[in-house]
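*Asks:* We have chain A already, so just place chain B on it with the hints.
Keeping their order, the protein sequence lines are chains A and B. Residue numbers for the first sequence, in this note's numbering: 1 to 318. Residue numbers for the second sequence, in this note's numbering: 1 to 318.
Honestly, I wouldn't trust all of these hints.
As the list claims (entries may be wrong) - Below are the DMTMM-like pairs computed for lysine to aspartate or glutamate, each with C-alpha atoms no more than 25 Å apart in a straight line:
{"#": "1", "chain 1": "A", "residue 1": "K293", "chain 2": "A", "residue 2": "E268"}
{"#": "2", "chain 1": "B", "residue 1": "K2", "chain 2": "B", "residue 2": "D315"}
{"#": "3", "chain 1": "B", "residue 1": "K113", "chain 2": "B", "residue 2": "E54"}
{"#": "4", "chain 1": "B", "residue 1": "K231", "chain 2": "A", "residue 2": "D274"}
{"#": "5", "chain 1": "A", "residue 1": "K231", "chain 2": "B", "residue 2": "E226"}
{"#": "6", "chain 1": "B", "residue 1": "K113", "chain 2": "A", "residue 2": "E126"}
The hints are simulated quantities; they were obtained by calculation from the structure and are not laboratory data.
Residues per chain are reported as follows:
There are 2 protein chains.
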Amino acid sequence: MKAFVTGGAGFIGSNLVDRLLLRGDDVVAYDNLSTGRREFLREALANPRFALVEGDVLDGDALSAAMRGCDFVFHLAANADVRFGVEHPEKDLLQNTITTFRVLEAMRESGVKRIAFSSTGSIYGEPVVFPTPEDAPFPVQTSLYGASKLACEGLISAYCNGFGFSGWIFRFVSILGERYTHGHVFDFYKRLRDDPQALHVLGNGKQRKSYLYVHDCIDAIFAAIERAETKPAILNLGTDEYCMVNDSIGWITGALGLTPRLTYSGGERGWIGDSPFIFLDCGRMRQLGWAPKLSIQQGILRTLDFLRANPWVFDATQ
Amino acid sequence: MKAFVTGGAGFIGSNLVDRLLLRGDDVVAYDNLSTGRREFLREALANPRFALVEGDVLDGDALSAAMRGCDFVFHLAANADVRFGVEHPEKDLLQNTITTFRVLEAMRESGVKRIAFSSTGSIYGEPVVFPTPEDAPFPVQTSLYGASKLACEGLISAYCNGFGFSGWIFRFVSILGERYTHGHVFDFYKRLRDDPQALHVLGNGKQRKSYLYVHDCIDAIFAAIERAETKPAILNLGTDEYCMVNDSIGWITGALGLTPRLTYSGGERGWIGDSPFIFLDCGRMRQLGWAPKLSIQQGILRTLDFLRANPWVFDATQ
Chain A
1 MKAFVTGGAG FIGSNLVDRL LLRGDDVVAY DNLSTGRREF LREALANPRF ALVEGDVLDG
61 DALSAAMRGC DFVFHLAANA DVRFGVEHPE KDLLQNTITT FRVLEAMRES GVKRIAFSST
121 GSIYGEPVVF PTPEDAPFPV QTSLYGASKL ACEGLISAYC NGFGFSGWIF RFVSILGERY
181 THGHVFDFYK RLRDDPQALH VLGNGKQRKS YLYVHDCIDA IFAAIERAET KPAILNLGTD
241 EYCMVNDSIG WITGALGLTP RLTYSGGERG WIGDSPFIFL DCGRMRQLGW APKLSIQQGI
301 LRTLDFLRAN PWVFDATQ
Chain B
1 MKAFVTGGAG FIGSNLVDRL LLRGDDVVAY DNLSTGRREF LREALANPRF ALVEGDVLDG
61 DALSAAMRGC DFVFHLAANA DVRFGVEHPE KDLLQNTITT FRVLEAMRES GVKRIAFSST
121 GSIYGEPVVF PTPEDAPFPV QTSLYGASKL ACEGLISAYC NGFGFSGWIF RFVSILGERY
181 THGHVFDFYK RLRDDPQALH VLGNGKQRKS YLYVHDCIDA IFAAIERAET KPAILNLGTD
241 EYCMVNDSIG WITGALGLTP RLTYSGGERG WIGDSPFIFL DCGRMRQLGW APKLSIQQGI
301 LRTLDFLRAN PWVFDATQ
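The following block holds chain A by itself, in its conformation from the complex (with noise of 0.2 Å):
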């Protein structure tokens, strides 16, 4: 297929695009390099079968030309930020819920009919049932990311059912892995290289969560749109297990052959909106022949490797 790409530079998108290269499929990459890295798109530079258009999803007619030809739109641009949500609440709404009506028309406008799409396991805000399944009480939404996703899958679902298109949905717990900027592990490590002595946790590092490694997520992807109903397919992705931050933060300062002084701010979320277990029932994507390969402990150690190599990728996030 010729495969569409949105955020083809960020850190799924990029492991995305490598991807899809590898098994044979020509890629459009699409980004507006405001978070995403030209360096994560090297190898794929050099291939014949990859493009990179330098662009803002909100350019409408910039996303439609681009579109033209392809068969399938893999769209993962978004503000991946879920902790600063009330200091620009506009943010969420222009670069997620906005952003992908654009896609969504664009796609219209071009006549891509397929579309796979990144939301999250934050859209069950402070769920009433572990491990959460797809179709668990109707949620009430607590952060204004979680709130800008569902409205990205109700559009995605009412353009499912009003104008044909298949649409694969999958809710993501934390990905992790070669490219992660940001997030937990980016986090703590960056702080301990300031300092190796003390580290501050948000929150009171007893939070309960689910990470998953990103070639684990992206097999999955690959294995969903080969085999789910869609009408649409609404997937769960996530590993069977869920560790406390403080396990997190042992297996990062172990490897790392630190005793850092933990403090913690306290409380049971560690940001407004934060959700202090999140534990999804996968039993969906298991049912399609997927399994993750990689435990969530192996996923935090091969990031934190990743983080260990690649020191640039702190100095350009400054």
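*Replies:* Just chain B now, with coordinates in the frame of chain A:
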């Protein structure tokens, strides 16, 4: 209190304005008069405790300025066309989702922290549980209208959690009564005025629907504001019954003394995104001590009486 009513010249809005004034509140109605009618505010405009501000909700500065000094926002301004979403998908995004964002930002700007919002049973898509409770299995959106209202709910909930707002979210069935100027009673009566011998019906006439009389709706809003816990309060609002489209046609034609030839477009759904069965569990509202005074049949006949006595509403909406 000093109430701020967006869409205050509309069907539900103008009835709410009158009721607020009746109980002694001060009221500012904010409306761009695109579908609202100055005629509906004739009584209100004679009341010194009332002010009408003509403005667009998308104009954030005008909105904030008009809202200043108010205590409570009733956000009713919306695109209420459920049927035509696929003809102009941007309309729901703009007039519902982005409009609601502007209202919330204007509230932050002007220091108002309480909001009541008119959501819809359409956000349940095609439910699997009847009567459908507020915590029904997480639904899949089937209409752009429902998707846009769900996005509004998410924003309001996130503002409650992030900014300490109090929110009352009402998931309405179809509301009808005096000043009703769209929907099936309006359409059917209008067409029977033009041709009393024939009536064409969208779908197979067997769609099961719920309706609520506008003053029962407003009673419920007042009861909820007084008594419901808000984190936010999410409340279904309808009667404990439903009827078939064919029942309603029987009541309408019976009251008019007509026996038109009925033809049907066929199918379980009247249009793309139409839900063949809407029946909400209103137990939460009932627990607050509220009960509707009119049955569905009484509400429909009351609406018909209004339309027969006010033929000018048809001329104005040609």
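*Asks:* Can you list which hints this structure breaks, lowest number first?
*Replies:* 1, 2 and 5
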